[in-house]
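Given chain A, work out where chain B should sit, using these hints.
Quick mapping for you: the protein sequence lines, in order, are chains A and B.
If you count the first sequence from 1, position 162 lands on 162 in this note's numbering, and the numbers rise without skipping.
If you count the second sequence from 1, position 216 lands on 216 in this note's numbering, and the numbers rise without skipping.
Among the clues, some could well be false.
Repeated chains share a single entry, so a pair holds when one copy, or any two copies, can fit it.
[Claimed, not checked] Pairs of lysine-lysine residues, derived as DSSO-like cross-links and limited to a Cα-Cα distance of at most 30 Å, are as follows:
1. Lys82 - Lys219
2. Lys82 - Lys31
3. Lys56 - Lys8
4. Lys16 - Lys78
5. Lys69 - Lys56
6. Lys56 - Lys140
7. Lys31 - Lys8
8. Lys78 - Lys188
9. Lys31 - Lys216
10. Lys216 - Lys188
11. Lys219 - Lys16
12. Lys8 - Lys82
13. Lys31 - Lys4
14. Lys131 - Lys160
15. Lys31 - Lys78
16. Lys31 - Lys219
17. Lys188 - Lys131
18. Lys4 - Lys56
19. Lys219 - Lys78
20. Lys219 - Lys131
21. Lys93 - Lys219
22. Lys160 - Lys82
23. Lys56 - Lys183
24. Lys140 - Lys16
25. Lys216 - Lys93
26. Lys188 - Lys31
27. Lys56 - Lys216
Since the hints were derived computationally from the structure, they do not count as laboratory data.
There are 2 protein chains.
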Amino acid sequence: MISKEQIKYIRSLHRKKFRDVNQQFIIEGPKMIAEAILYAPGSLIQVFGTEAIQEKLPEHVVFEEIDNKTLGQISTLKHPQKQVAICSYLPSKTTRSEFYIALDTIQDPGNLGTILRLASWFGVHDIIASKETVDCYNPKVVQASMGAIFNVNIEYLDLKEAFETTESPVYGAILEGENIYQKDIQRKGILVMGNEGNGISDDLLSYITDPITIPKFGKGESLNVAMATSIFLSEFSRPRL
Amino acid sequence: MISKEQIKYIRSLHRKKFRDVNQQFIIEGPKMIAEAILYAPGSLIQVFGTEAIQEKLPEHVVFEEIDNKTLGQISTLKHPQKQVAICSYLPSKTTRSEFYIALDTIQDPGNLGTILRLASWFGVHDIIASKETVDCYNPKVVQASMGAIFNVNIEYLDLKEAFETTESPVYGAILEGENIYQKDIQRKGILVMGNEGNGISDDLLSYITDPITIPKFGKGESLNVAMATSIFLSEFSRPRL
Numbered sequence: 001m002i003s004k005e006q007i008k009y010i011r012s013l014h015r016k017k018f019r020d021v022n023q024q025f026i027i028e029g030p031k032m033i034a035e036a037i038l039y040a041p042g043s044l045i046q047v048f049g050t051e052a053i054q055e056k057l058p059e060h061v062v063f064e065e066i067d068n069k070t071l072g073q074i075s076t077l078k079h080p081q082k083q084v085a086i087c088s089y090l091p092s093k094t095t096r097s098e099f100y101i102a103l104d105t106i107q108d109p110g111n112l113g114t115i116l117r118l119a120s121w122f123g124v125h126d127i128i129a130s131k132e133t134v135d136c137y138n139p140k141v142v143q144a145s146m147g148a149i150f151n152v153n154i155e156y157l158d159l160k161e162a163f164e165t166t167e168s169p170v171y172g173a174i175l176e177g178e179n180i181y182q183k184d185i186q187r188k189g190i191l192v193m194g195n196e197g198n199g200i201s202d203d204l205l206s207y208i209t210d211p212i213t214i215p216k217f218g219k220g221e222s223l224n225v226a227m228a229t230s231i232f233l234s235e236f237s238r239p240r241l
Numbered sequence: 001m002i003s004k005e006q007i008k009y010i011r012s013l014h015r016k017k018f019r020d021v022n023q024q025f026i027i028e029g030p031k032m033i034a035e036a037i038l039y040a041p042g043s044l045i046q047v048f049g050t051e052a053i054q055e056k057l058p059e060h061v062v063f064e065e066i067d068n069k070t071l072g073q074i075s076t077l078k079h080p081q082k083q084v085a086i087c088s089y090l091p092s093k094t095t096r097s098e099f100y101i102a103l104d105t106i107q108d109p110g111n112l113g114t115i116l117r118l119a120s121w122f123g124v125h126d127i128i129a130s131k132e133t134v135d136c137y138n139p140k141v142v143q144a145s146m147g148a149i150f151n152v153n154i155e156y157l158d159l160k161e162a163f164e165t166t167e168s169p170v171y172g173a174i175l176e177g178e179n180i181y182q183k184d185i186q187r188k189g190i191l192v193m194g195n196e197g198n199g200i201s202d203d204l205l206s207y208i209t210d211p212i213t214i215p216k217f218g219k220g221e222s223l224n225v226a227m228a229t230s231i232f233l234s235e236f237s238r239p240r241l
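Just chain A, same shape as in the assembly (with noise of 0.2 Å):
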């Protein structure tokens, strides 16, 4: 049976500063709890739930029945899915592939959720992330990933640092930048995507040597970072005559 201090510590869980402590997160749902069997079963460790969930556990990992009531105790969603499970944090890689994403102070976590989701749709494996950017860990972000925090890396640094040693374009979405359709662009290099309100950081902007756009055609001040990130992410991958 679950405890009152397994309870207590879930909760703790869905706060960032005793995530960073325990090093562990939760995910919630069937959905998400197949994508962590799927693509990593290491840093799965125990699954709260009211119904079993139909995927094989792994054999480490314990599955504890608890009522609906703990349930919502234990869970940040309103309406919750079934279960909560505990992972731990995902090793962390410090090395690149050839093109990747850089994310300058994202703050809302459905947008970074889906910019994870999106990039797992289109085969950037890794992510770098300005330390004001939103806590992968957040459950919000988590839920919205979709599944794809298990497979994509995200590191958070400084960005000055990493774009000083690059040799690579950084490509940065800036509403006076190159229209995208035009430019001649290779799938190598960092696509960088700034602050919803504010985008790329003044002090950021020097590093940038290639300004892309996606032109208007029709009206509205701007398109989400999420909508652009997807827009760019197509056309990076898309083949170009």
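Frame of chain A; chain B shown alone:
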């Protein structure tokens, strides 16, 4: 001064039933009100705010100062944004441009709002939506549209009837469709996007003349419908060789 009846009335507009009866909806915050002034000034009826808005209100619009507590009562947001305004339903148009979007049972308000914003950006003036699609005047849709609700025409109808009478291509987003990057497409016809979980309904599939898909370059089960819409609209809008 705002009366109790007015507070009650505005709160009633949080619900579709009362919006439909009164043919009015609410918008929140200086940005949305600025968009209303820009694109649909006749629709704006009354503004309630803790601060006057910077833009000049059309002459027929009454501004009523309220305190923070009252703002909290009439707002739908966790963090209210200074003003709540009442707007009348927007005039609906039954003629459509050469290229438009059909939404089959999009249920998430954030997705519909984002699709409206994308349509606005990419100059798609018209959307038709199945009657099961979330209400476009839902406050979450309106806010997520970032004002696009005022410059994109959305009409709820029986999609079957619309598809039966068109002679243009009906493009449908379907996992097994043709690779959008390789397919010869034109910005003419209908782009059909299906439900978040189930895709396009079985009974509409026979109307799809051109099934299309976004190829996967990495992992992941699917793209969110708003992400997919952004990539399709980009493909239908960008120049092609």
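Hint check:
{"no.": "1", "hint": "Lys82 - Lys219", "result": "between (43 Å within a copy, 25 Å between copies)"}
{"no.": "2", "hint": "Lys82 - Lys31", "result": "within (10 Å within a copy, 39 Å between copies)"}
{"no.": "3", "hint": "Lys56 - Lys8", "result": "within (27 Å within a copy, 52 Å between copies)"}
{"no.": "4", "hint": "Lys16 - Lys78", "result": "both (20 Å within a copy, 22 Å between copies)"}
{"no.": "5", "hint": "Lys69 - Lys56", "result": "within (25 Å within a copy, 52 Å between copies)"}
{"no.": "6", "hint": "Lys56 - Lys140", "result": "within (25 Å within a copy, 38 Å between copies)"}
{"no.": "7", "hint": "Lys31 - Lys8", "result": "within (24 Å within a copy, 41 Å between copies)"}
{"no.": "8", "hint": "Lys78 - Lys188", "result": "neither (41 Å within a copy, 42 Å between copies)"}
{"no.": "9", "hint": "Lys31 - Lys216", "result": "between (36 Å within a copy, 19 Å between copies)"}
{"no.": "10", "hint": "Lys216 - Lys188", "result": "both (25 Å within a copy, 18 Å between copies)"}
{"no.": "11", "hint": "Lys219 - Lys16", "result": "between (39 Å within a copy, 27 Å between copies)"}
{"no.": "12", "hint": "Lys8 - Lys82", "result": "within (19 Å within a copy, 37 Å between copies)"}
{"no.": "13", "hint": "Lys31 - Lys4", "result": "within (27 Å within a copy, 46 Å between copies)"}
{"no.": "14", "hint": "Lys131 - Lys160", "result": "within (11 Å within a copy, 50 Å between copies)"}
{"no.": "15", "hint": "Lys31 - Lys78", "result": "both (17 Å within a copy, 29 Å between copies)"}
{"no.": "16", "hint": "Lys31 - Lys219", "result": "between (37 Å within a copy, 15 Å between copies)"}
{"no.": "17", "hint": "Lys188 - Lys131", "result": "within (24 Å within a copy, 45 Å between copies)"}
{"no.": "18", "hint": "Lys4 - Lys56", "result": "within (27 Å within a copy, 57 Å between copies)"}
{"no.": "19", "hint": "Lys219 - Lys78", "result": "between (35 Å within a copy, 28 Å between copies)"}
{"no.": "20", "hint": "Lys219 - Lys131", "result": "between (34 Å within a copy, 26 Å between copies)"}
{"no.": "21", "hint": "Lys93 - Lys219", "result": "between (41 Å within a copy, 18 Å between copies)"}
{"no.": "22", "hint": "Lys160 - Lys82", "result": "neither (43 Å within a copy, 37 Å between copies)"}
{"no.": "23", "hint": "Lys56 - Lys183", "result": "neither (48 Å within a copy, 40 Å between copies)"}
{"no.": "24", "hint": "Lys140 - Lys16", "result": "both (12 Å within a copy, 28 Å between copies)"}
{"no.": "25", "hint": "Lys216 - Lys93", "result": "between (37 Å within a copy, 24 Å between copies)"}
{"no.": "26", "hint": "Lys188 - Lys31", "result": "neither (32 Å within a copy, 37 Å between copies)"}
{"no.": "27", "hint": "Lys56 - Lys216", "result": "between (48 Å within a copy, 27 Å between copies)"}
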